[in-house]
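A.B. asks: These are the residues of each chain, in order.
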Amino acid sequence: MKDLIAYIAKALVDKPEEVNVTEIEGEQTSVIELKVAKEDLGKVIGKQGRTARAMRTILSAASTKIRKRSVLEIIE
Amino acid sequence: MQAFEFEGKTTEEAIENACRQLKLTKDEIDVEIIEPGSAGIFGLVGGRKAKVKVTTTGEEPEPVEETNGVAIAKDALENILTLIPMEGTTVSAAQNDGTIALNIEGDTSGLLIGRKGRTLDALQFIVNKIVNKALEKRTQVVVDSENYRQRRRESLIQMALRMGEKAKNIGKPVVTNLLNPHDRRIVHMALRDDESLDTKSRGEGILKKILIIPER
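Read top to bottom, the protein sequences are chains V and B.
Taking the numbering used here, I'd label the letters of the first sequence as residues 1164 to 1239.
Taking the numbering used here, I'd label the letters of the second sequence as residues 534 to 749.
No lab work stands behind these hints, which were simulated from the structure alone.
You may find that some hints are simply not true.
As the list claims (entries may be wrong) - Label pairs and their calculated CB-CB ranges:
| no. | chain 1 | residue 1 | chain 2 | residue 2 | range |
| --- | --- | --- | --- | --- | --- |
| 1 | V | 1180 | B | 699 | 53 to 59 angstroms |
| 2 | B | 749 | V | 1166 | 58 to 64 angstroms |
| 3 | V | 1202 | B | 568 | 56 to 62 angstroms |
| 4 | B | 673 | V | 1202 | 22 to 28 angstroms |
| 5 | B | 733 | V | 1187 | 42 to 48 angstroms |
Here a beta-carbon is modelled for each residue, glycine too, at the ideal position from N, C-alpha and C.
My request is simple: use the sequences and hints to build the entire structure.
C.D. replies: In structure tokens form, the structure reads like this:
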């Protein structure tokens, strides 16, 4: 899950080396925290949050696969 | 493929000019003679220049970049599918007119399509972003699975026609659900030729409704 978000984020930003993803696993729900360079924040959020929404949609499809729930948090 | 016109005293000279300016060999261009050219009387009076139309074939810088785009797009989608992880799916890629078409094969569950194609649209959006970040030229990537795009298209056209009929019958505008730009385009196009109907998008943001208005 974590690797999936890390891959997508790194492909979108200008500073992939500053992408940092952590996963906090709960019993049913995992929280995925995504941190990027300040300048890249807009790139992972997108116009009207479109990019963030697309990542969340892909994440939830991936979670369905393993019968879990995941939440993506973008940390400022 | 690009077309250019060149002139010279003779057709040979025109072709040579073309090769020199385009920095290509004769083998890399297609030549069509527009004006054969004539020397005129004693090569002095009434001579006409030879004119040729040259179309570049073979490999020029642009197509190379485009093939690259296909590779980047395919790679990105494959990586995402591997990380989901979707076992047993493969991606095939094709390119036509600057559009890269990626097709996911082997997702029998429909997981990658999602409700109303939402997951497929998300994948397409992300792959588009990745490709256009890597390429300078704006390129469109379409991601499909299980022929969803075609099926969606057909059902939207059906819906548009049905709603159009309804609008005419009741003599009042009818309104669709919220649609994304691509789907809206299909609806507008489906009713474009119907002179007794007018279509308008209504709303803010990416998703809008379409108003189908009967003309009186």
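A.B. asks: Evaluate each hint against the coordinates.
C.D. replies: Each hint, compared with the structure:
1. V:1180 <-> B:699: 53 to 59 angstroms: 56 angstroms, holds
2. B:749 <-> V:1166: 58 to 64 angstroms: 59 angstroms, holds
3. V:1202 <-> B:568: 56 to 62 angstroms: 57 angstroms Cβ-Cβ, so the 56 to 62 angstroms window holds.
4. B:673 <-> V:1202: 22 to 28 angstroms: Since residue 673 (chain B) and residue 1202 (chain V) have Cβ atoms about 27 angstroms apart, the given range 22 to 28 angstroms holds.
5. B:733 <-> V:1187: 42 to 48 angstroms: Since residue 733 (chain B) and residue 1187 (chain V) have Cβ atoms about 47 angstroms apart, the given range 42 to 48 angstroms holds.
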